[in-house]
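Following the hints, position chain B against chain A.
Number of protein chains: 2
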Amino acid sequence: METIKKHLKTETGWEVINEHYDKMQAITEGSNFMIGNGYLGYRGTFFEDRKDAYVGCIVTDSWDNADGKWEELATVHNALYGTFSFNKTPFSMDQNILDYSRTLDLLNGLTKRGVKVEINDTIFTLEEEKFASMSDKNVIAMKVQITTSKDAVITLESGIDTDIWSINGHHFQKETPFKYKNDLGTISKTNTYEDTIVVLEKNMVAFGKSVQKKSGVHKRQKTISLKANTPLVWTKFMIVTNSNDVLDPLKEAKTIYDSLISYDTVFTAHCQAWEDIWNKQDIQLEGNMVDQVGIRFNLYHACIATPTHKPLPIGARGLSCQAYQGAAFWDQEVFNLPMFLYTNPGVARQLLKYRYLTLEGAKEKAKKHQYEGAFYAWISGKTGKELCPDFFFKDVITNRDIRNHFNLWQIHISPDIAVSVNKYVEVTKDEDFLIKYGAEMVFEIARFLASRVDYKPRRDRYEIIRVQGPDEYHENVDNNAFTNYQTKITFDIALSYLNRLDKGSIRSIRDKIDLTDDEISLWEDIKDKIYLPTPNKDGVLEQFEGYFDLESIVPASKVTERLIDPEEYYGWPNGIAVFTQCIKQADTIQLLHMYPELFDEETVKANYDYYEPRTLHFSSLSPSVYATVAARMNYLEDGYRLFKKSLMIDLMNTNEAVSGGTFIGGMHTAANAAAWQMVVLGFAGFHYDQHHFSLKPHLPTSWKSLQFNLNLLQSDLRFLIDHHQIQITPLKMNNPISLFINGKEVIINHKDVTINY
Amino acid sequence: METIKKHLKTETGWEVINEHYDKMQAITEGSNFMIGNGYLGYRGTFFEDRKDAYVGCIVTDSWDNADGKWEELATVHNALYGTFSFNKTPFSMDQNILDYSRTLDLLNGLTKRGVKVEINDTIFTLEEEKFASMSDKNVIAMKVQITTSKDAVITLESGIDTDIWSINGHHFQKETPFKYKNDLGTISKTNTYEDTIVVLEKNMVAFGKSVQKKSGVHKRQKTISLKANTPLVWTKFMIVTNSNDVLDPLKEAKTIYDSLISYDTVFTAHCQAWEDIWNKQDIQLEGNMVDQVGIRFNLYHACIATPTHKPLPIGARGLSCQAYQGAAFWDQEVFNLPMFLYTNPGVARQLLKYRYLTLEGAKEKAKKHQYEGAFYAWISGKTGKELCPDFFFKDVITNRDIRNHFNLWQIHISPDIAVSVNKYVEVTKDEDFLIKYGAEMVFEIARFLASRVDYKPRRDRYEIIRVQGPDEYHENVDNNAFTNYQTKITFDIALSYLNRLDKGSIRSIRDKIDLTDDEISLWEDIKDKIYLPTPNKDGVLEQFEGYFDLESIVPASKVTERLIDPEEYYGWPNGIAVFTQCIKQADTIQLLHMYPELFDEETVKANYDYYEPRTLHFSSLSPSVYATVAARMNYLEDGYRLFKKSLMIDLMNTNEAVSGGTFIGGMHTAANAAAWQMVVLGFAGFHYDQHHFSLKPHLPTSWKSLQFNLNLLQSDLRFLIDHHQIQITPLKMNNPISLFINGKEVIINHKDVTINY
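Protein chains in written order, with our numbering: chain A, 1 to 757; chain B, 1 to 757.
In isolation and in its complexed conformation, chain A is listed as follows (with noise of 0.2 angstroms):
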């Protein structure tokens, strides 16, 4: 067993083990313990939990608005719900524990349960597992084992716990119970989208037939003499299903109902499911087993986080829990899609096929604000329209509300999903998508932005006035250097595909949009005269204009001296990092992580020394960007330590769960999948500058060896780096792939590839 941090263990690399309970941890625990699917998200807790336990079932595309400010997923009734009691004493965890541990199996994405308790000189055992069927998505499995060391008598309920934990309200109408072969089900209708939700347990025992209604659980009853040391088993599946996905959930929830044989072969094809994800998507890393389950945690929480079943958002908590309403920020194209993009592109289509289906909400906000072509929502769920509110923040001081401007001014999320557009059409040339979807969202968000610049006709240039780039503390900045950027490249690519498409395809996209003449002749003079900044005498790009001239404090960490309340933001309006260079996560060096073929290494080095100790990486976004950036320029020691303070944001709970009154507990799904990202792009130094493919690793010292897989050009590899050698490994090969090593070209075809560096 290898100690990853306090009673964090791992005996394989494949699962974290915790042998110390603390009912404190419920919030963390219930998040970094939890299962699921993509569909549905089921919180790391136990069956006899209830909601002051945080025990949350999330299921995808369930949005409703209970309090008039978040719409954010609901919470569904927990049909996992029981209870046990012993000789009469009810079983619960403020019992003499002698024994605990659960553990989050990783390769089966499993989580479970072992407990020894004594009540009245009987030890009492008790062995809890469940998963979120990876194949059929409606289907939550448990497996509970009872074992004591003398004859007893227990008593089993099951049910259905409908007085469930939700942050913003209550999100259905009063539930409709209904009764299927002797389980328990029920049928509810969401507040604002009437959305109907069907959940139903199917008990493997039999129960009793009455049923009782108390303090909010449907529930039935059996009462069992168990012999010493024969295990009672308890099997119990959790079915739900949504009127979003099926005309009628009902007949659909007892359809599965009917297929469910035993806990056994769900099981079975679910962990087939995982080992195909794990097949693709795996890092195996030799030396550092510590490294190697941080990574695989995150790995498996940017999975589960993930919809593949059709197309929507992942949530920035993933359907760990409702905060950040279950949406889609540009974490999701800038974070979590490059790992599906390089491993799984299917994934990466249906969330780049979301941003398509959600072109209309784009289009409406961009209509709403005066803009022409598709503004996407800062905080974007099933229609794209904009879930932020213009006030979300309090004044912790005056308990004022605060308008901040992310819905209005982060303008970069509409330019973010242009290149990503773009960088998946280069990587798995998938022109079906470029035509279909792909070229039709480039060019309304082109279409936005030329109604965004503006042109300053006497320094002949087109500048982006008051926006907010990804370090949120400065709001209300002129040419931010990351979206000038981003916007000249969403030109360049808006004015390619002009030429790259057939004339046929165009035409009927253009004629489907309305694309004028005129409407392109802007476009080429946007991308000839917007306004790049350059480095400064020192190397360094400015963040936005005048960004040098505000008061520098370094390490940025000096400046929370200043806070007058532990709770108060440090942005606008008049937070302590406003007047100040300290900046919340990654910005200007966003822009060398994503291009860094755009500036010399002299250059990433200079903004690299100038911006990190200014930074105060208090967004879970930031130490990733930051990590692989150092990583590929060989700052090895700058590079690990913000490896791990990335990898470990969530396992380590080191953010806060509340801020300012708003729960933003979870997992940090960006940060989860960024994993991927710091290792292959950083350590291995993996990079497509739109052109070539190339790899430049610099390992960590503690690491051996380093392995994945990636899919380019619809070919499949396998890279095997030492602190030497490259080892490729043709898998499937459609194409043959030119790949830069340390500059130098080779082509991978059928043969494996050795190369030293």
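Any given hint could turn out to be false.
[To be verified] Simulated crosslink set (SDA-like; lysine to any residue; CA at most 20 angstroms straight-line):
1) 179(B) with 154(B)
2) 394(B) with 550(A)
3) 696(A) with 597(A)
4) 529(B) with 454(A)
5) 353(B) with 385(B)
6) 367(B) with 597(A)
7) 368(A) with 531(B)
8) 394(B) with 476(B)
9) 529(A) with 370(B)
10) 394(B) with 551(A)
11) 527(A) with 476(B)
[Claimed, not checked] Okay, the calculated beta carbon distance ranges per label pair:
12) 476(A) with 564(B): 21 to 27 angstroms
13) 459(B) with 476(A): 19 to 25 angstroms
14) 169(B) with 476(A): 31 to 37 angstroms
15) 564(B) with 273(A): 53 to 59 angstroms
FYI, nobody ran anything at the bench for these hints, they're computed from the structure. The beta-carbon is built from N, C-alpha and C at its ideal position, and this holds for glycine as well.
Leaving out everything else, chain B in the frame of chain A:
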């Protein structure tokens, strides 16, 4: 005696009398009862007062920055200081006062005190009077007359008090005292610019030779045995000279000293100068003596605040104290200038020439912020460099500085100047000014605006983004109607000058400022395509984009219930007015006030009805604008109510003396001058629309008649208006004047004209 309000009375409409002594009113009365001549202001204090009573002699062109933040005019040493003792009992206002009055004699620019005290059974009578010579700018004269009811020994001290009141630090290096012909003087250098200021007393009574210095006073003594009922007269002059006016201020002070023969000779010349002023600027009102004295009180202060000896700014508090840095704001052109323009155009020329002389400062400011041309300072001292600091208000709750953007976003100051230049040129036909100064200023302002506007290619229009309009509670707004219209009109004017001026003049101005054809083409384009908001379906112009979406609170005063701290600022960044339609002052109405010809009467009414209830009138500039517009459209009740509010701002002391820790007391110079606007432009309905003069009177019911003079096209006319008739008397005609009265044209030549209306 007619009561103005509370203890304030008038006898003839030419004086303000207060018979109630209240020590706590020192700040207010010191301003209200002050004397001045546009070169120096001497607060209405008593000769024995010291700095705790806010004694202050403020001198133009003495800018200094003692605290590193506020550049302000210096208060100079007080050479009118003196004390009395009566049989060894020192006289003070804390004694048993039998009788008291103070009078501001508006006709003669004189401030007086009469006091009768009883000290040990003797009645002691004191008469003090002072004036700042209107004919000799460097001189203040004081006459004190003492009578006792019994024989008494009087000890008189006379000297210079160097321990003076100053708001933001001490402005002088250690003074050098000197003696001239037995009188005392000091020579002092300011800290920042090392200007030398000489203060010299001249006593017309012989004092002892021995000079004492005690607690900051250089003084001499004299003891007199005074017979009962025999007046003792002490006449004293204070001479102030400044190295900014003369090469050798000491020599100049001595020359002036030698020229002063007697109080009466100086007083006679002074009264003659005031007679000349009143002949031009007086407004005579029959029927309401309170209004009459109120108007004259304001005109008096508007005059004494205005430097005429050389081109210098009118301070927002004139020379009544150091508040607002003795500097000019947009008030100067928009509030102060019209009275001079139409009654005493030489003064208007001087004020505009001041703006010409500060063109370099405005160009530097533009350059500093990456603009071209002339971006005039929001707070403009001698050089026109920006005196407005970035941070000046405090958040009183957190004690953090607030970054307001008056200096950067309140850009309308520049076009405000341009349109004033043009109005001056049109009304005076001063072609010399136009060629020497005016055209160049207007061109540089147009140049600034051309670099400031943004072209929105997809809307094919120019917009003005991120400004602060006259309503200072809403910063960071777009397309403020007032600013956009002022800008458009500035381009109209600039382009008209290119045709209007002779080719030689134009060539030489264009060569001087290197004005290219390209720039002129751009100006044409902006003139044609600048976005000008139009009234909505209810006829209301939106103050800025998005204003109508803000919370409507009517009446605006209700918003004050939301204050947490009574001292907190209402505006940026998170004050209580920011997200509401509550505005500090006239903004859109300012536009309708200046250009009623641009909108029909229905529109003016709709806007007035919409905006007035949403206006807090928390700027002293606000009520007069609404009053003028209301009067013009015959909203007599509102017009008269707001006229009184504006008229009485200083007399009734309705505004705060301190805000957010900053002293903002003193005379509200713009409101003082606006009294003239309310009467002549409002109730008499006089207007010049760049083409025609017009008159459309609506007199308040209590006014029998109204009489004033105007100087139009270099001719002098007298207007006498009652409720039915307008009588126009040509006084000095150089040009026939066309005048539209209620829409009908009348040509005034050499004969009186009487029109019924």
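#### Entry: Hinted pair residue 394(B) and residue 550(A), Cα distance within 20 angstroms
holds (19 angstroms)
Restraint check for residue 353(B) with residue 385(B), where alpha carbons must lie at most 20 angstroms apart
Holds. Residue 353(B) to residue 385(B) sits at ~16 angstroms (cutoff 20 angstroms).
Are the Cα positions of residue 696(A) and residue 597(A) separated by 20 angstroms at most? holds (13 angstroms)
(message) Check whether the Cα positions of residue 394(B) and residue 476(B) lie no farther apart than 20 angstroms.
(response) It holds: about 19 angstroms lies between the C-alpha atoms, which stays within 20 angstroms.
Query raised in the report: Is the Cα-Cα distance between residue 529(B) and residue 454(A) 20 angstroms or less?
Result: Satisfied, since the Cα-Cα distance of roughly 15 angstroms is no more than 20 angstroms.
Satisfaction of the hinted span 31 to 37 angstroms by the C-beta atoms belonging to residue 169(B) and residue 476(A): Holds: the Cβ-Cβ distance is about 33 angstroms, inside 31 to 37 angstroms.
Exercise. Holds or violated: residue 529(A) with residue 370(B), Cα cutoff 20 angstroms?
Worked result: It holds: about 18 angstroms lies between the C-alpha atoms, which stays within 20 angstroms.
Exercise. Falls inside 19 to 25 angstroms, the C-beta gap from residue 459(B) to residue 476(A)?
Worked result: Cβ of residue 459(B) to Cβ of residue 476(A): about 22 angstroms, so the range 19 to 25 angstroms holds.
Given the range 21 to 27 angstroms, decide if the beta-carbon distance of residue 476(A) to residue 564(B) lies inside it. holds (24 angstroms)
- Restraint check for residue 179(B) with residue 154(B), where alpha carbons must lie at most 20 angstroms apart: Since the Cα atoms of residue 179(B) and residue 154(B) sit roughly 24 angstroms apart, the hinted pair is violated (cutoff 20 angstroms).
Just to be careful, I want the Cα atoms of residue 367(B) and residue 597(A) compared with a cutoff of 20 angstroms; is the pair within it? The hint is violated at about 35 angstroms.
Note to self: Checking one constraint from the list: CA of residue 368(A) to CA of residue 531(B), max 20 angstroms. Satisfied?
What the structure shows: Since the Cα atoms of residue 368(A) and residue 531(B) sit roughly 19 angstroms apart, the hinted pair holds (cutoff 20 angstroms).
Against the hints set out earlier in the document, violations occur for numbers 1, 6 and 11.
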